[in-house]
Every structure is written in C-alpha cells, then in structure tokens.
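J.: Protein chains in written order, with our numbering: chain V, 1 to 225; chain E, 226 to 464; chain L, 465 to 546.
Read the hints as simulated data drawn from the structure, not as lab findings.
The reader is advised that the hints may include incorrect statements.
Using 20 Å as the maximum straight-line C-alpha spacing, the simulated SDA-like pairs for lysine to any residue come out as follows [said to hold, decoys possible]: (1) 390(E) / 201(V); (2) 299(E) / 201(V); (3) 299(E) / 220(V).
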Amino acid sequence: MSYFRTVLLVAAKDLRTELRSREQIVTLLFFALLVLVVFNFAFDFTIIDFVSLGGGILWVAFIFSGVLALGRSFQIEREQDRIQGILMAPVDRSAFYLGKVCATFLFMAAVEAVLVPVTVILFNFPFGPRVGAALLVLVLNTLGFAAVGTLFAAITTQTRRGELLLPLLLFPAAVPLALSAVRSTSHILAGRPFDRYSSWIALSGAYDLIFLTTAILLFDYVLDE
Amino acid sequence: MPARRGILDLAQTILFVIVLVLVPLCLYVVFAVVPTESRMGVVQRIFYFHVPSAICAFLGVGVCAGASALYLWKRDRRFDLLAHAGAELAVVFCSIVLISGPIWARPVWGVWWTGEARLTSTLVLWLIFVGYLVLRGSADNPDQAARWGAVVAIVGALDVPIIYKSVAWWRGLHPRVLKATGGQGLDPTMERALMLCMLTFVLLFTYLIIQRCRLGRLQDDVQALVHAARRGSLPAART
Amino acid sequence: MPPVDLSVFHGPLALLMQSGEPVTRFTAEAAAAQPAVVARGFRFLIAAYTAVWAILAIYILTVSVRLRRLSNQVRRLKEQSG
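This is chain V alone, in the form it adopts within the complex (with noise of 0.2 Å):
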C-alpha cells in the first residue's frame, strides 16, 4: 500500500468515524466557545483595547480545544485496540502519523472555522480585507501545532498521567508557535501591513517544516514494539 494512500486512510477513516457520531466535534466547539464566553465576561470591552487582546483570546481557545482533539485522536485507537494491528501493517509508521496529524488538523481547522465568525460577531472584530493573511496565520500555525501535538500525544496518552502530561510538554515546546501566531492575528486584527507580521509568519513556516520532518523520523520510536 503506498505511502500517501495510508496517510489519507487514517485521516479519512478517523474522519468517518467522527462524522458518524459527531460526538467530538461537538465537544470541541462547545469547549472553544465556552472559552470565548468566558473571556467576553472575564474583561469589560468598553475599556479595554480589545484588538490587542483578540489574537490572545482566540488562540488561548484554539490550543485549548485542541490538546482535547489531540487527546482523543488517540484514546479512540486505545478504545478499539487498534495500536496491534497499526504495528504490524507493512507500512511505514510515519504514514500513520501523518494521517493522524491531518485528522487532527480538520478538526483544529473546523474549530476555527466556526470560531472566528462567532468571535467577529460576539466581539464585534473588523477582521478586515485580510483573508489570505489569516488563512495563512490559521493553517500555519494549527499544523505546527498538530505536528508537535500528535508525536507527543502519541507518547503521553500511552502513560497513566498522559491527561497531564501532553500540556505539561506541549506548551513550552509550542511558545513559538503560540507566540507567532497571538503576535500575527494581533496585527492582523489593527488592520497593519503585511511586513509587519512576514517575519512570524516564516517562523511558524520554519518551524512546521523542521518538526514535521523530526517527527517523521523519530515517530517509529515512540509506539512500543
């Protein structure tokens, strides 16, 4: 079976799954807008700028919402005990976990999808001409975040304190991510010019490019043999 063909199978087969019950994405998105609710209440926007805090408010949502995807991504295959017949398919490891970082991805990307909209309207946010810009913000740093996010949830969920332990090692592993991207959305928000965020924006590509590779290689090492 070809490389690619598996990753898309992964992907497509968790996909399938979550369309047929829905029960995760329900969760995400009830979770990700709790958090907006919280933070609506949690300021008073009448005084506070709040273009400046809207990049922090949404990620803290989107990175939130998705240590729970990237939880569940895994604890299904515990569930179904599918981790024996992973191991012993004559394909490359690594195109399972692409697959799981592409599931992961869609799920984080329809989080978003539904997130900003409702920020825009709860928030009263101009989120003016720069679709583009945002687009690319959003599916640069979401994938750096499922890369890093799946190679260790793959780890932690494997452990008994995994629930603590996947944040404990993502977060400080993801600050670039999670800076770039409150910093490019912030700009993106007070409506300033493209060189003003370019840089970031290279950054989380560099860094999407350099763990997506070291995870490739090192994930053969991280399911038991």
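Since chain V is already given, all that's left is putting chains E and L on it; use the hints.
T.: Below, chains E and L without anything else, positioned relative to chain V:
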C-alpha cells in the same frame, strides 16, 4: 571493564580536587578582586555565577539531545544514562539561572520578573526538561522511558534556538543577524574572573555528569540483581 | 525611561547580556548614591550566592547519598546470592 572504570574514577577524583580548589578561588576573586561595576553596583557580581550556570544548562541540553540521538541509533544503554544525567543537570542549572536572575533583577530594576526575553526563554527550557523528567518517571519500563525521553529531548533541543529567537522578537528586539555589538570592552579583570568561573562550572558539570551516570548505572545493576534473585539465578559477575 | 547602557560588555558577552529594558524608573545608578541601597545590594548578592550554592549542594548531596545507598544494596544482594 576494570580499566575503563579505573580511568573514570581517576578522572572524577582529579575533577573533584580541581573543583574543590577552584570554587573558593572563584569566590575570593568575585568578592575581593573584581572591581564593582559602575551601573548596577555590587549586585552585578551575581553575573559571575549566573552566566556560567546558563552555559552549563545549555551544555546539559546538548549532552541530553546528543546522547538521545545516539541512543536511538545504537541502542546502547550508556547513552540513555548520559541523556538522563544531562537532562537532570540541565534542570538544576536552569533552576539556578531562574533563581539568580530575579534576585539580580529586583535591586537593579525594581521588579522580580521583567518578562525579559532570555529569562523567559530559560523558563520555557526549564519546563521542557522538567517535562522530560516527569515523562521518564511515568513510563512503565526503562525501554519506554529511554525511547520516549529521547524523542522529547531531541524535539526540545531543536526547539531551544527557535524559542529564544521567538521570545526575543516578541519582546521587541529586532530580528537581527548574530553579531557582536561594539562598545567598550569588558573590564579585563571582570573578563578573566568570568572565564575562571566558567571553567569552574564546566568542570563541576563534568564531574556531576559522571557521578550521575554512575548512579544510573548502579540503579540498573540493582534492578538486574533483584530481577535475577527473583528468578533464582544470578548473572555472571560483572568485572 | 533611561536606557541601561550595556556597552560595558563586549563581544558575544554583549549579546548574552543584552536585555535592554529596565521596566521602572528605579535605576541602580540613582539608587547607588545612597549607602542604604548599597547595603541592600549586598543582601541580594548574598541571597543569590546562597541560593546558587544551596541548590548545587542539595543536588550533589542527594546524588552522593543515593550512590552510597545503592552501592551497599548491590554489595548486599551479591553477598546474599553468594
């Protein structure tokens, strides 16, 4: 391997003696010999231990990452011991940096934590390797601990320069090519004092890493012996 | 906000030392004119050094103690099984 053990023991003893001599020397130099820095006053002397500690923390990270990569490649248990030791030392020296930094900042800038770029990045580094140690502790068996630790260490080490860069940009330092800034040189006495402290700390680091590896080795030995005793047989005595 | 002049350090050390922002108007320059502040500086200096060596000492001692305990355990186990 009596010969290798012997050399390591000898090296450790020599290191220990040298460090024992150097530390009082450093303290003397730092407190009595070096001139007081004009802008920050006496508190600036923290610098002489703060900077070498940071260097040792990075050394620990490098050793951990390198040993982790070698372990994944060669599957030699000794590399894993080295990786674990490196990570522990990285955490210890990072802690020193994170504690001496704020104590330095408080009288100089009036606040404990300025969110300053390098200190913040060091905090993130500390978190990564604390996570490494917690992860190893959560593994069910040494093989898992070694493999998982290696993965996290390599990812963490690759991340370090990116973290430092991104936090510096976040704090508003312009993206720049790495180059030295001009200006007057460091007072030569201060420079020499710093070098002395640097040497002392690096030697201390080396001593500690050997010590920690020996500890890890012994833990393995105990496990093996207990395991064998349970099974009722004994492995051939290690020479 | 008067910038802290870090040209006192040079070369790679300058890079290492450059942070460039005191966040308050409390500068050591102004404060050092008063002897009470110099004494305060000393207290912080001693505190920092104590902390540094305490951490190192605790770590070194912990490792040494565990080392000795394990050595004894190994010896005992070997004796037991003859």
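J.: For every hint, state whether the structure bears it out.
T.: Right, here's what the structure says about each hint:
no. : hint            : result
1   : 390(E) / 201(V) : 14 Å, holds
2   : 299(E) / 201(V) : 37 Å, violated
3   : 299(E) / 220(V) : 15 Å, holds
Consistency with the previously given hints fails for number 2 only.
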